[in-house]
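K.L.:
Sequence:
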Amino acid sequence: MAFHFFKKNKDEKDEGQKQKIKKEIPAESEAKSESGNNSPIDSFQEEFAKATLVDVLPRDLEQITRGSKRKFTEELTYNLALLKEQLPESNLVFEQYQVGSVSKKNVVIAYLQGVANEEILREIRRRIGAIKLPAVLESSQIERNIENSNISPFPQAETTERPNVAESALIQGRFAILTEGSPTVLLAPATFFELMDVPEDAYARWPIATSFFRIARYIMFIFAAVLPGFYIALTSFNPEFIPTKLALLIAANRESTPFPIYFETFFMMGIAEAVRMMMERIPSVFGSTIALFAGIVLVIAGMDTGIIGGPVVIIVTLTIISSFGIPNNDLRMSLRIIQFFTMIATTFLGLFGFAVAFFYIAIHMVSLKSFGIPYMAPLAPMEGSAWGHTILRENTRIMPRDETYQPQHDQQQGRVQPKTRDPKAIDPKALAIVLISAILEFELFTFTKRIVQIAEQDAWISILLAIPIVSLFTYLLVKLISRFPQESFFEFSKKIWGKVLGVTIIIAYLGFWMIFVGMSFQNFGSVNQMIFLPETPMIVPLGLLAVGAISLSLYGFAPIVRFFQLIFPFMILPLLVAAALSLRSIDLQNFFPILGSGWLPVLQGTLLFIGVFQGIELILFIGPFFKDKKALMKPALISVNFLLVLILLQTIMAIGIFGVENIKESIFPGVDILSGITLPGFPVERFELFLTLPWLMAMFTTIVIYLYLITEGLLHLLKKQRYRKALTIFVTVSLLAIIYLIPGTSLAIQLRNLFHYPSYLFLYIIPVLTLLVAVIRRKGSLK
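Heads up, the sequence shown is in this note's numbering, so the first residue is 1 and it goes up one at a time.
Careful, some of the hints might be misleading.
Stated by the list, open to error - Derived pair list, reagent style PhoX-like, types lysine-lysine, alpha-carbon separation capped at 20 angstroms: (1) Lys479 - Lys429; (2) Lys84 - Lys245; (3) Lys494 - Lys779; (4) Lys132 - Lys494; (5) Lys719 - Lys499; (6) Lys104 - Lys84; (7) Lys779 - Lys499; (8) Lys132 - Lys495; (9) Lys664 - Lys499; (10) Lys479 - Lys779; (11) Lys494 - Lys720; (12) Lys429 - Lys634; (13) Lys779 - Lys495; (14) Lys779 - Lys630; (15) Lys132 - Lys104; (16) Lys720 - Lys479; (17) Lys479 - Lys495; (18) Lys429 - Lys627; (19) Lys494 - Lys479; (20) Lys429 - Lys630; (21) Lys719 - Lys479.
Unchecked claim - Pair ranges (Cβ atoms, derived): (22) Phe341 - Val775: 32 to 38 angstroms; (23) Pro468 - Gly498: 31 to 37 angstroms; (24) Leu772 - Phe730: 33 to 39 angstroms; (25) Val540 - Leu573: 28 to 34 angstroms; (26) Ile594 - Tyr218: 44 to 50 angstroms.
Simulated from the structure, these hints should not be mistaken for laboratory data.
For every residue, glycine included, the Cβ atom is placed at its ideal position computed from N, Cα and C.
Please put together the full structure from these sequences, using the hints given.
P.N.:
Here it is in structure tokens:
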């Protein structure tokens, strides 16, 4: 059945339409037309104005369950007329360009004037004008010539053939790029969450159901991306994490299988890709049936002969089903690359390779931009105003507006790029996630043991007393940086203490951080050998970790914050789940007698605790990256108290489950807590996995933020910004070298036990004295 498009055909209406479109074409396009670079605009306007009746064959590339059934076609004039009818606004503007040195094709930019961002428009104009192609055969050639990174697997422009989708994008402030001869319209900018959206989400009546299905699509994306690699890692490297009955079933099924697990998985994924390509290439329903039949026959024959095991068939089938929950075809293609990348990483490095693959993919996604817009917006950076129609679906009767497509400037990075050192670029609320991610590192495993060794069963009281003390010092740190709104401690310390003493203090901080991060690297390598890769040389996982840390720190502070925001749920939720699961195993008798040794051990434990709470001093150095330093007080106090309460709960769990003596003998009480938690029949019976993977993330975030600040401090002292890359690599290599000066985990833990003594100086004494001197000498803002 054909779709029909009608317009009034009166002469005065046609003439008015011509004048209106001519007014909307920019002056620069008219100049190009006169010089011969563009086709005559009058001819283009006449064709558009005469598009009164067009018959269009239906297309089935995008399934429609609700909404308009119209589709764009290969006729550019019809597509423009259809878009004009969908959105008959006076501020709808079409800008025409011609691309192609041999065969010229018209390319039109459509947008709503006053709604669309002018800076993005200028960038799109520039990129289209820079295209040097002999001919444009399809809109995909325009897409890969204007996107930010054509080597990225992720699409940076959305494609559609539905006018109502293009209409919604224009109302949001985005741009539609139409190409002559192509029914596919490009929508830019595009974020990950726009690509995961479907038009029917906006048409559904019940917002709760829509939000549920959106979240389900995100979960399906994660499953499809990681399930094969996760299966390889668990079965090949860490089968102890698998429930006993399930592990026995997998082992029994594999008795007759001649190939290793990774080969089976790659083989089955290859069959799935072959079937998928057959279905795409054979142009009939009968051909798709043949492809499916061939795949089923191969799988059944493989299982009957014992070449393929049943578990891997289930894993690959679940992966394929999950991948079909992704609505965007280009994003599904990206997902296939991610699948094989994670499979390769886990084949060689197990669960650690899984974590490394996750880091690398996350780093790429937070650093990727679409015409200056962060690819993971509005999650990273977090923009709450956009969550109601991207991540979730809010209960509203109107289309909400957001600031997602309002880019910031960065003269060093380009015309339309998010600025990495612009104080207005980062919301102050992001400080809470930055501090939690930076502080939540190796101490997550060792906090409990060190406090219990001093205060024994009263260790929880020591931490309880430390909460107001640490909160007070956090308040003073924010007060100090509030006096210098545009400067970090690197700058204002020299104003307060004088140049010589100020530089000395900065060098002392850099040395303190170098030792701390070096020990963190050493701890990371030792625990990785203990849990994940006992036979792999330590330098291999540390080198992979260092490469990721270098790349992320070189992108700047804003991508670092976006990375923290992206992985924050994956770090915190497992910890909260583990805490909830362990409550039923607590023995209250382990807490008695209360204050059995008096107050002195409790106070000593409090003093030790505030010394090892490493990370709050970061507030002094990252303040200039946020919009308003005075607004940092609330997120700083919330984040610090959240961590303190989390550590308090972990201490209570450790004492209640194991008792004081067992904690003293344990190396990592945090892991041992989860090793005692079992849920029979649950897919993961042993819960160390719920803490070890978040621990890898926490260690990585800590190393990244300190590596960035050490490099910033050295660049500030040397005043050589052009050496940032070389200096970052040099600092990382120096940190890795420190590992070989600290042989063994036991010595590293002993050094860390002594590290709280200089921590008092750098975390509390120097900042408080600096604030007092600034007040006495009236330095900085007095408000």
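K.L.:
Enumerate the violated hints, using their earlier numbering and listing them in ascending order.
P.N.:
Numbers 2, 4, 6, 8, 9, 16, 21 and 22 - these are the hints that the structure violates, sorted from lowest upward.
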